[in-house]
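K.L.:
First to last, the sequence lines map onto chains Y and F. In this text, residue positions in the first sequence follow the working numbering: the first is 1, and each later residue adds one. In this text, residue positions in the second sequence follow the working numbering: the first is 1001, and each later residue adds one.
Subject to a maximum C-alpha distance of 25 Å in a straight line, what follows is the list of computed DSS-like cross-link-like pairs (lysine-lysine):
{"id": "1", "chain 1": "Y", "residue 1": "259", "chain 2": "F", "residue 2": "1017"}
{"id": "2", "chain 1": "F", "residue 1": "1137", "chain 2": "F", "residue 2": "1123"}
{"id": "3", "chain 1": "Y", "residue 1": "355", "chain 2": "F", "residue 2": "1072"}
Okay, the calculated bits of chain F under chain Y, using three or more residues with CB under 8 Å as the criterion:
{"id": "4", "stretch": "1052-1061"}
{"id": "5", "stretch": "1076-1083"}
{"id": "6", "stretch": "1086-1095"}
{"id": "7", "stretch": "1100-1113"}
For the record, the hints were derived by calculation from the structure and aren't laboratory data. A virtual CB, placed ideally from N, CA and C, is assigned to each residue, including glycine.
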Amino acid sequence: MSQQQHHARELPTDIEHIPIVWRYELLKYLRSRRLVASVAIAALVIVLIFVIPPATGNPYSGTDKAVNLFVSGPQGIFTPSLQLPGNAGIINRSVVVVSSLEVFQDGVREQGANWTFSSTGGNIILFTHNTTGHTYTATYRWHETSESFASGFIGFANLLIVICATFFGADAIVSEYQARTGYLIFPNPIRRASLYMGKFAASMTAGIVVIAIFYAVVGTLSLVSVSGLDKNFLMSFAFALEYLLAVMAVAYLISTLMKGTTGATVLTFFLFIMILPIIDGVVSVSRIKPSWSLTFSAGTISNILTSPYPSDTITDYGRGFMFPSYYPDPAISSIVMLAYALVAVGLSMVLFRRKQMTG
Amino acid sequence: MAMIELENLTKNFGPIKAVDSLSLSVDEGTTVGFLGPNGAGKTTTIKILTDLLSATSGRAMLQGINVLTDPKKALKNVGAVVETPEFYPYLTPIETLAYLGRIRGMHTHEINDRTSEVIRQVKLEQWTTTRIGKFSKGMKQRLAIAQALLHEPDILILDEPTSGLDPRGMVEVREIIKELKKQKYTIFMSSHLLGEVQEVCDKAALIDHGKLLIYDTLETLGSLIKVLNLEVTVLGDVGDSVLSKVRAFANVKEVERVTSNTFIVSLEGGPEERADLLAQIISTGVKVTGFTTVGVPLESLYMDLVKDSR
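Construct all of the structure, not just a fragment, from the sequences and the given hints.
P.N.:
See the structure below:
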């Protein structure tokens, strides 16, 4: 036995142990096909949202040809104080590509000098002459706003994040006990804290990969389909990552508390998909804003795309029935998510260190 | 220097004392068998030594470092196989050993060299790149031994190392342990198999109800053995009258017929009493063709001590 060699060997520090664990845990997610499955779910969501609305007659962009313009006097459209040169026609689309706009009077193309286009307060063609007695049509390319396009996809980010936490976090700790792999790994010179951090880093990496792919594809589609990206798109991505951190931390806490992988997996998924949203709903109906709730705070991920940011409202349905609509404050949401992440990580690390291999 | 030292080690599971003030010391280069019936506290003790369980009180020292307070440092030069561990099914043996080697601070070239060596030692050469998910229990047990040896530890802690192996596998593992013993490893192994302990170990510790009943060298323990089972084979059939006569001989505790020409005598005493018994049996007129001890000598001591403790 080469005793000299192994006595001279230095153990990695606690920090150095983290990437070692991270690497092999990540390999688990790759080889167990969980990562591939998560990406496939993300891809399926994108494909469905991208394909179904156009297939059912609601495309994200297109070309309208010879569309009749509703033409009326400007006073019907604008406030009386506005001084407008003539009559106006409305184009009922979100965004009109001005360079493609052609206007026809009784089928004959109108000179550009006879009209101007304005997107203030709607898409409006202002005519410089009297339009009475003529039929006006327009041909143009149009698309949805980048905000509306992205919102349709990003609304599913929460679900994807919960799926990631379920796949990559829910059984990360409990499986070491139930599958008895702890008998292999725990008798090694590595602190449980390093093992935990390596595992958590791997779970987060896998989750970030899935969410980043989702946002990257949605962003690319937005650029291609609606010629732009919502100004708060990256902010939404940042909130999504913060929510992933918090949900993953809670999933790890559940994993340290539970005795079986099935229980931990089911509880993690239904906690975020059903239980907590129900609590949020009940609390909201009681006219208490659940700002402290993690799932309520997650609403920021999609709300941040809405401009202006929605504000709380209480709708009166009569007979004393008032229904409140609360929206999480972005700053408070960020603090709440971070607090959940820190508390859950701290608590689960302590529990993991104390958890014993009794089975 | 004591490589393993337990000092008043106690582990309670609620009202049950799984380990009760256990004190034990294992010297460098010694192979110690840790014996006891089911639920005696063997695995609990080993789990405490390997940081799988905490202790209620006492100390568990590995090379002078308390594993209860500084497990990372204490386990640095320890290789362990506890129960039959499961492996990460998505990794191959080579990847598993690389993972554990890195955790133990081994360099890549060192991991490669030692991996080939230990894989050959446990005869898994053909399976190095197969994912462990496809392995049988026996193959996993071999791999478990391989990972325990990978970093050339000073101390080997083995919990029933031949459990789950077929007879050939058991012999091979025993041969590995004997080889390690020659290389002066300090080995602490629990086992249900008294013959295994007798074959492999220098010393044996017997516990029951978490308490140490006896701990000594196998020679000393052998001298304490009071009753031996001797199988006697005679030419032709042995009659009941002969068996009755044998029962009446001095120091004979029990006589049991096995076949028409074979019977087993439980005899209290040492070599002199054995010689006297043989002479007395021959004096009855039967022609003795076989006279050998059967079973594991340690077994009778084990049974006596466990019976007394219960």
